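> Spelled out from the first residue to the last, the chains are:
Number of protein chains: 2
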Amino acid sequence: MAKDAYTVAILGVTGAVGTRLLEQLAQSKIPVEKVIPLASSRSAGKTLQFKGQAVTVQEAKPESFTGVDLVLASAGGGVSKRLLPEAVKRGAVCVDNTSAFRMDPEVPLVVPEVNPEQLQKHQGIIANPNCSTIQMMVALEPLRRRFGLEQIVVSTYQAVSGAGQSAWQELLDQAQQHLNQETMTAKILPTKGDPKHYPMAFNLLPQIDVFEEDGYSHEEWKMIHETKKIMCNDMDDLSLKVTATCVRVPVELGHGESIYIQLADPTTTVEQIRDLLAQAPGVVVQDQPEEQIYPQPLTAAGKRETFVGRIRADAENPGAFNLWVVSDNLLKGAAWNTVQIAEELARQDLVRVP
Amino acid sequence: MAKDAYTVAILGVTGAVGTRLLEQLAQSKIPVEKVIPLASSRSAGKTLQFKGQAVTVQEAKPESFTGVDLVLASAGGGVSKRLLPEAVKRGAVCVDNTSAFRMDPEVPLVVPEVNPEQLQKHQGIIANPNCSTIQMMVALEPLRRRFGLEQIVVSTYQAVSGAGQSAWQELLDQAQQHLNQETMTAKILPTKGDPKHYPMAFNLLPQIDVFEEDGYSHEEWKMIHETKKIMCNDMDDLSLKVTATCVRVPVELGHGESIYIQLADPTTTVEQIRDLLAQAPGVVVQDQPEEQIYPQPLTAAGKRETFVGRIRADAENPGAFNLWVVSDNLLKGAAWNTVQIAEELARQDLVRVP
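Protein sequences appear in the order of chains A and U. Taking UniProt numbering, the leading residue of the first sequence gets 1, the next gets one more, and so forth. Taking UniProt numbering, the leading residue of the second sequence gets 1, the next gets one more, and so forth.
Derived from the structure by calculation, the hints contain no laboratory data. Nothing here was measured: the structure is a model prediction, and the numbers come from that model. Warning: the hint list may mix true and false statements.
Treat identical chains as interchangeable: a pair holds within one or across any two.
Restricting the straight-line Cα-Cα distance to at most 30 Å, the calculated cross-link-like pairs of lysine-lysine (DSS-like) are [claimed, not checked]:
hint, residue 1, residue 2
1, Lys303, Lys192
2, Lys303, Lys196
3, Lys241, Lys228
4, Lys34, Lys3
5, Lys192, Lys29
6, Lys228, Lys3
7, Lys229, Lys196
8, Lys34, Lys303
9, Lys303, Lys46
10, Lys196, Lys29
11, Lys89, Lys3
12, Lys46, Lys241
13, Lys196, Lys34
Generate the whole structure from the sequences, applying the supplied hints.
The following block contains the structure:
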């Protein structure tokens with residue numbers, strides 16, 4: 001039987017995603033008895049607001065999780081690897097927004113609109129998928145179920161906020177430098193860990209995260225492998241082929257995706273897809289080209305839904321279609337999907353370590 | 001026999017492409033006896049520089065073409081439709097950078113690296129393809145010839161300069177407004193002709209040109225149909241399938257393209273593609289992910305070449321590959337390709353109306 005109210009810790013609460021975790025939790029259906037904002041020692045002592053109450057950020061330590069029911073984590077993969085097992089040991093169920101546990105076969109990788117049943121097998125940790133994967137799953141799962149999905153070819157247009165608050169600020173600083181006819185200074189993007197940094201403002205960087213040996217970036221690898229884990233976990237569709245090209249664009253908030261799909265049913269029409277997606281959970285269809293209505297990052301920012309438009313048939317390949325999909329990478333791509341998983345855990349009375 | 005020197009008129013000389021036509025002509029192998037800068041009455045009287053000499057802009061009229069050998073046109077489709085037949089009537093050969101005559105079966109649509117032989121059948125007008133089509137042709141034609149090309153799925157990341165000088169200025173003005181926390185004013189983009197205008201700075205607009213009835217934008221339609229005309233004109237490859245999604249991005253100069261191709265030869269390797277493109281005319285391979293070397297608009301701007309990188313095999317589809325292609329949309333995408341066609345016409349002694 002579900003608890004009346006939960007003690008919820010937010011790990012990495014001062015980051016771009018963390019601040020939104022606090023905000024989305026406050027707006028959620030989860031009954032919160034107490035919220036515990038956790039971050040690094042640097043941020044300890046800072047005051048944040050939760051439902052009109054001031055809450056003080058504490059340094060995250062293993063002991064921080066004593067008496068905690070639920071942990072929402074977004075402090076980086078290293079921190080999750082180190083602290084989440086400690087939280088589980090203390091009886092807390094953790095929803096992790098980092099890539100630390102995503103491909104662990106023991107860990108459910110969940111998009112509530114797609115595979116909520118996977119939550120039942122959790123061992124204390126549930127992984128939130130990569131931002132660019134989530135919005136694609138929300139848009140494509142209804143099509144996969146109805147028409148069968150054979151292939152996905154995706155090209156992403158990813159916002160800078162996905163690289164964190166400092167990268168976001170770097171974009172704005174560079175834009176102002178460029179408008180002042182000054183040289184743009186680059187210290188973070190495309191990825192902090194790599195030696196070379198390039199200007200992002202008024203530019204395109206076809207590198208998100210580090211590169212693998214096969215030439216794919218880790219972000220591309222994530223989209224391919226997470227998609228298969230989320231869509232094919234029930235093993236009914238191992239034939240699904242996925243390839244991805246991930247590009248960072250000078251946008252603050254809201255990832256765009258140009259998605260080409262081959263459906264199994266060659267008789268599928270644009271109208272069928274539009275009607276199906278109009279009914280799909282978490283999806284808003286914005287597809288009236290004659291009225292110039294289509295998804296845009298500026299209009300998707302701050303919203304929980306995934307917006308789908310530009311739905312077109314590939315006239316030369318029956319069953320093949322192009323779609324343009326946009327969603328707020330910090331909400332559905334991160335904070336909202338994480339809180340949504342927590343809501344589903346509470347609903348299914350799964351906020352306990354087996 | 002070729003003339004010793006030509007009288008060359010540039011139509012639309014004050015525009016974003018026109019100014020570059022003048023600059024590229026000055027740097028070309030074409031012996032120029034006299035240059036005649038033409039524009040609308042608004043710009044008549046303005047002074048421009050050509051090879052260190054001041055030249056005065058004249059209003060474009062049918063009589064302007066008397067005694068002209070060669071016309072390089074970029075003043076909009078309507079102007080080309082009205083004035084180029086007048087120029088041809090007066091014995092001038094016209095290379096047109098607008099879409100006015102591109103799909104006319106009588107008019108060669110030429111990328112010099114791909115189909116220069118088509119120039120021989122010209123009747124006075126030669127069409128320069130759409131910017132996003134040209135760079136794709138330069139990158140893919142060597143692969144089509146060697147390995148056979150069955151399918152192209154392209155997603156574009158197109159710079160704002162492709163929409164003209166005023167759209168370019170609008171992007172910069174909006175960026176400054178946004179950085180000043182003011183509301184962005186939009187009067188031109190996505191396309192001047194349509195009723196609705198949206199902010200482009202820090203945004204993505206999946207509309208380039210107007211929409212067709214099938215939901216594809218005219219830009220997408222151009223990429224599909226121009227590709228078939230350029231690559232399949234010799235009818236050896238009518239099996240080529242092409243689909244496109246065109247998106248405007250907040251970049252000033254340099255189009256990016258994420259291209260997925262299915263080659264006929266399933267044994268093709270990334271190394272073979274890299275080696276072949278390294279030898280290909282007009283192509284520069286920038287593909288060392290381990291060194292973070294890949295094409296970027298900021299580094300391609302101002303250059304005549306087409307830059308290709310991020311070459312990756314689709315492990316699940318033998319013969320299928322992803323490529324990332326960037327080129328300066330105002331040079332190879334417009335002014336340079338136009339001047340390059342003129343050079344080829346002079347070289348083949350085809351600067352005469354049959």
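> Which of the numbered hints above does this structure break?
Violated hints: 5, 6, 7, 10, 12, 13; rest satisfied.
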